[in-house]
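Put chain B on the given structure of chain A with help from the hints.
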Amino acid sequence: MTAERPPGTVPECHGDICITCSDVAVEVRVVRLLPDALAVVDTGQGEEEVSVALVAAAVGDTILVHAGEAIALVGR
Amino acid sequence: MRFVDEFRDADKAHALAAKIAALCEPGRQYKLMEVCGGHTHTIYKHGLEDYLPESITLVHGPGCPVCVIPMGRVDDAMHLASRPDVIMTSFGDMMRVPGSHGSFFDAKANGTDIRMVYSPLDSLKIARQNPDRRVVFMAIGFETTAPSTAMTMLRASAEGLQNFSVFCNHVTIIPAIKAILDSPDLRLDGFIGPGHVSTVIGCRPYEFIARDYGKPVVVAGFEPLDILQSIYMLMLQLSQGRSEVENQYSRVVPWDGNLVPLKAIGETMELRPYFEWRGLGFISHSALKVREKYAAMDAELLFEVPGVRVADPKACQCGEVLKGVLKPWECKVFGTACTPETPIGTCMVSPEGACAAYYNYGRMHRSRVPEAVRAGQP
Chain A
1 MTAERPPGTV PECHGDICIT CSDVAVEVRV VRLLPDALAV VDTGQGEEEV SVALVAAAVG
61 DTILVHAGEA IALVGR
Chain B
1 MRFVDEFRDA DKAHALAAKI AALCEPGRQY KLMEVCGGHT HTIYKHGLED YLPESITLVH
61 GPGCPVCVIP MGRVDDAMHL ASRPDVIMTS FGDMMRVPGS HGSFFDAKAN GTDIRMVYSP
121 LDSLKIARQN PDRRVVFMAI GFETTAPSTA MTMLRASAEG LQNFSVFCNH VTIIPAIKAI
181 LDSPDLRLDG FIGPGHVSTV IGCRPYEFIA RDYGKPVVVA GFEPLDILQS IYMLMLQLSQ
241 GRSEVENQYS RVVPWDGNLV PLKAIGETME LRPYFEWRGL GFISHSALKV REKYAAMDAE
301 LLFEVPGVRV ADPKACQCGE VLKGVLKPWE CKVFGTACTP ETPIGTCMVS PEGACAAYYN
361 YGRMHRSRVP EAVRAGQP
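Order-wise, the sequence lines are chains A and B. In terms of this note's numbering, the first sequence is residues 1 to 76. In terms of this note's numbering, the second sequence is residues 1 to 378.
Honestly, the hints are just simulated from the structure, not real lab data. Backbone N, C-alpha and C fix where the C-beta goes; we use that ideal spot for every residue, glycine too. Don't take each hint at face value.
Interface residues of chain B toward chain A, partial, derived using beta-carbon atoms under 7 Å [claimed, not checked]:
#1 L121
#2 I126
#3 T144
#4 T145
#5 P147
#6 S148
#7 M151
#8 H196
#9 T199
#10 G202
Incomplete in silico selection of chain B near chain A, CB under 7 Å [to be verified]:
#11 S119
#12 V200
#13 R251
#14 V252
#15 V260
#16 P261
The following block holds chain A by itself, in its conformation from the complex (with noise of 0.2 Å):
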């Protein structure tokens, strides 16, 4: 078992799940395109600068973020 943590040094990913770790992937707009396939996105919490490689986004797209790595377009 491990020791006991003082309250608050347990990371907390946006919202209740782990955004980065698991299945669930955050759906983000693209803001603008930025050199070796990254772009900035609005997460609705702010911006934040993710990899576009895989898919073919466009500025003003909706893309499937996990992992900071865009999976999919959503609702295209």
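For chain B alone, kept in the frame of chain A given last:
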């Protein structure tokens, strides 16, 4: 919010629940497995079991990546992380998974250099910033996550980064489903198929379940109405004596998947002959390892890994929970010795784990509700 509000409409949920109830044959019991931990989480967060008739039981499947990692692999990772020249990077969920000598968090508290990342790309940044150290990424997850690891390896290779490697624990969902179908102690009527794994692999890989085992599969989204609609679609197939693969989540999942990530996975990784799953044992061709072409990024080749098989703690019944044989609250240590703060078993670690989902949302099996009500009466 688009794609959220319209999938949480209570009136529509009640209407679907009524349609599901109408499809139940009197006297027949239905067991449906939601393969994916994300679905388990949605089911308990939104109390979806309460919308279903008593005759439908949802069985929680093995689709939570950290829940199925065997203790021996955690110990191997810990061994790698303990090297002074190594910086280990890991997703948040993995940080709390207990090995035989504590978790990544415990090791970090004792001075081991383990850093939490939100994406393998962050590991590349750490590698660039620390050219004199060797950065090992603890790669874990199903086909949803493997593309991210694959692309990171391809980026590292293109960049000529010499100090980045991967400790590969990626698993594939189809062999696990087959192992469950072949398991003698579990009888299932249908499957709620994983949504985001299917954005990558598509719906075709599930066809053998319908064809060879005669069980319907509905690939489902993650909102409450997605899941209720998928249960309705499964029940409709069962009532009509059909067994087909259907796609409820077509707004995201293309029938044929996405070939680009599949190619990236195929370029960088290949199937292992076998891999151990917690609760399910050794399953053939059920996990990925780094391809020989990228051996310079394979932590298992670069470093010495003990590779010792470690039995789960005796009190832990994660295996039975993962196979759906036991409900989380039926485990001896559930909610007492094993809690999300101090997990003994992996199912209590991730919010997607069946035990953590039960624990966090205070749910119990419906058969216990009357018992609990009686206990609460004077």
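Okay, the hints, checked on the actual structure:
no.: 1; hint: L121; result: holds (5 Å)
no.: 2; hint: I126; result: violated (13 Å)
no.: 3; hint: T144; result: holds (5 Å)
no.: 4; hint: T145; result: holds (5 Å)
no.: 5; hint: P147; result: holds (6 Å)
no.: 6; hint: S148; result: holds (4 Å)
no.: 7; hint: M151; result: holds (5 Å)
no.: 8; hint: H196; result: holds (5 Å)
no.: 9; hint: T199; result: holds (4 Å)
no.: 10; hint: G202; result: violated (11 Å)
no.: 11; hint: S119; result: holds (2 Å)
no.: 12; hint: V200; result: holds (6 Å)
no.: 13; hint: R251; result: holds (5 Å)
no.: 14; hint: V252; result: holds (5 Å)
no.: 15; hint: V260; result: holds (5 Å)
no.: 16; hint: P261; result: holds (5 Å)
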